[in-house]
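Asks: The lines below spell out each chain.
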Amino acid sequence: METKSEKLLAELKKLANVGSIEGSAVVARNGLIIASDMPRDVDERRLGAMSATMMGAVETAAITLNKGQIKRVTAEIEKAIFVAMGAGKKAILVASASPDANLGMLMVEMEERVKSIMEILGV
Amino acid sequence: MRTGIRILDDKIGEIPGNVAILLSTSPGIDPAPFGINIMDAALKNNLKCVYVVNNKPASAVRREAETMGLDIGRYEKNKLLHIVDAFSGYIGIHSDEKYVVENPFNPKNILDEIKKIQKNDILFMDSVSSYIDMKESPKELLQIIKTLKEKMTVVSLFSAWEYDPKIIKEIKADFDAVLVIKPVEEVTIVRQFLFPEKIGWKKIEKFAVPVKVLKPGGVKVYFPKILVTGPYNAGKSSTVKALSSSAVSVDRMGTTVALDHGYMDYKGFAADIYGTPGQETFDPILQYLADEAVAVILVIDSTKPETFIRAKEMLSKTKAYGLPIVVAANKQDLSNALSVDAIKKKLALPKDVPVCPTVAIEKKGAEKLLDELTERLMR
Chain H
0 METKSEKLLA ELKKLANVGS IEGSAVVARN GLIIASDMPR DVDERRLGAM SATMMGAVET
60 AAITLNKGQI KRVTAEIEKA IFVAMGAGKK AILVASASPD ANLGMLMVEM EERVKSIMEI
120 LGV
Chain C
0 MRTGIRILDD KIGEIPGNVA ILLSTSPGID PAPFGINIMD AALKNNLKCV YVVNNKPASA
60 VRREAETMGL DIGRYEKNKL LHIVDAFSGY IGIHSDEKYV VENPFNPKNI LDEIKKIQKN
120 DILFMDSVSS YIDMKESPKE LLQIIKTLKE KMTVVSLFSA WEYDPKIIKE IKADFDAVLV
180 IKPVEEVTIV RQFLFPEKIG WKKIEKFAVP VKVLKPGGVK VYFPKILVTG PYNAGKSSTV
240 KALSSSAVSV DRMGTTVALD HGYMDYKGFA ADIYGTPGQE TFDPILQYLA DEAVAVILVI
300 DSTKPETFIR AKEMLSKTKA YGLPIVVAAN KQDLSNALSV DAIKKKLALP KDVPVCPTVA
360 IEKKGAEKLL DELTERLMR
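Protein chains in written order, with numbering that gives the first Met the number 0: chain H, 0 to 122; chain C, 0 to 378.
Source of the hints: derived by calculation from the structure; they are not laboratory data.
Among these hints, one or two may not hold up.
Keeping only pairs whose Cα atoms sit at most 30 Å apart, straight-line, the calculated DSSO-like set for lysine-lysine is [unchecked claim]:
#: 1; chain 1: C; residue 1: K55; chain 2: H; residue 2: K13
#: 2; chain 1: H; residue 1: K3; chain 2: C; residue 2: K311
#: 3; chain 1: H; residue 1: K13; chain 2: C; residue 2: K181
#: 4; chain 1: C; residue 1: K205; chain 2: H; residue 2: K88
#: 5; chain 1: C; residue 1: K211; chain 2: H; residue 2: K3
#: 6; chain 1: C; residue 1: K316; chain 2: H; residue 2: K13
#: 7; chain 1: H; residue 1: K114; chain 2: C; residue 2: K181
#: 8; chain 1: C; residue 1: K211; chain 2: H; residue 2: K12
#: 9; chain 1: C; residue 1: K181; chain 2: H; residue 2: K12
#: 10; chain 1: H; residue 1: K70; chain 2: C; residue 2: K316
#: 11; chain 1: C; residue 1: K316; chain 2: H; residue 2: K66
If we strip away everything but chain H, and leave its shape as in the complex, we get:
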C-alpha cells in the first residue's frame, strides 16, 4: 500500500524528469512541507515557510487589487526560475528550474502535476 507521501513524491519525481527542473516540493499553505524532492543542499523547511509566506502575500495583494485569483507566482532569480502554483485549498506546488528553462513546458508540466496532487490530497 502506497502512502500519501509516497504518492506525492512519485509526482515530484515525474517533474524531475522534465529536464530543466532541479527540485520541487509540495508545501502546505501554512508553510509545512508535505513532500519534497529538493536537492540535498536546499533547506527545504525554510523554503517551505518562505514559499507559503510569498504565496500568502501575493494572494493578499491580488485580493487588494480586486483582480481575481492568482494563477502562479514566478520569481526570476539569477541562477534559477522559481515557480509556485496553488494546488487546492491546502497546498502549493513549488519548483525550481534552470534559468534557460522553457517556461511554457514548465507550466504545462506543473499544471498536470497539480491536478494529480489535488487528487491525492483529496482537495
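Based on the hints, put chain C in the right spot on chain H.
Replies: The following block gives chain C in isolation, referenced to the frame of chain H:
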C-alpha cells in the same frame, strides 16, 4: 542505559540491563536511524555495542550515521563499537569487514560471530524483519536473542510489513519492551510518532513522542511549528534569533514584513520557529503562518502596556488559545519595564501561562523561556 530520545527517556527512565527491546516501524519508515541514534547515546555513555546488519552493507550503516551527523567511526577505532556484517554472505559477495557471518541463514553462525566479540553491553539486530524475509519464520532468531539477552541488552529493529498478524504478535510477546514508530496524518502534514506499546520494567501511562530524523541532527523530539507572535516592535525577530541555532528574517527597515524563520535545537528538542510580523497591515497573512502551530510564544514589550490589547488580539487571530502559550516579557533591561507580576495582572491570561522576563537582543532569559516551552510541549 537511555535511548537519547527526550520525553521517552523522561518517562521510561533508565533501561535495566539484560532486556530485549523491539523497535518496530511502519512500512516507509526506516528503523535503522532510530537504532543508530540509540546506539550513539549508548556509546556516548561508554557502553560497548555490537551492530549486526543483515539488510545492507556495513558501510551503509556508517554512511547513515554520518548523514545524521553522528561520528561512530571514532567508537569503532577505540573498539567500543563493532559492526557484524550478516549481509554480504546473504547476497554472496566478498566482505572486507572484520566480523562477517558467512551464512546468515544459519542463526548459529550469527551467534558464533557475535561471541567472538567479548564483553558487550548492547547488541543491535538490524533487522528481525529482514531475517523473516530470508527464512520465513523468526523463531530461530528469537531464540538467539533470548540467549544473547542473558549477557547483554538487545535492541532489535523491525519493519512491520504486512506479515501474518499472528507472527507479529508472537514476536512482540518475546520482547520486554516494544517501541512503535508510525506516521500520524494531521491536518495537512504527516508526522511520525513513537508510541511505547509495552515497557516491561515500569508501569507507564500511554503517551506518544513526536519524532523526526534530522540529517544532520539525528533523532529529535520534533515540533514542526512553534509560533512567535506579538505586537509591533516587541522584539519578536530578536526572540526568534535568541531561541534559534540558525535564523533568517524577511525584513525591511528593521521591521519584519513577511516571516522570521529559525530552528530551535535544545536539550533533545527540535522545532521550526515561525515569527509573524506585528503590524496590523500584515494580519491577512497571519492566518497562513499560524496554521497548525503546536505552541505559541507571545512576545510583549514590557514598557508598553498599551500594546497588551493588541497582543491578546494577536493570540486570537493566530488561534493560539488552547495551545501551550508562553509569554516573553521583553525589554526587561529598560528602566520603565513593568515587573512580571504587573504584566501578569495586566495581561490577565490563564493562570498556568508563564510570563518569562527576557532581554531578547542579549539572549537573556532565552533558556528559561525554552525550558517553560519544552516543559509544556512534554505534557
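Asks: Of the hints stated earlier, which fail here?
Replies: 2, 4, 6
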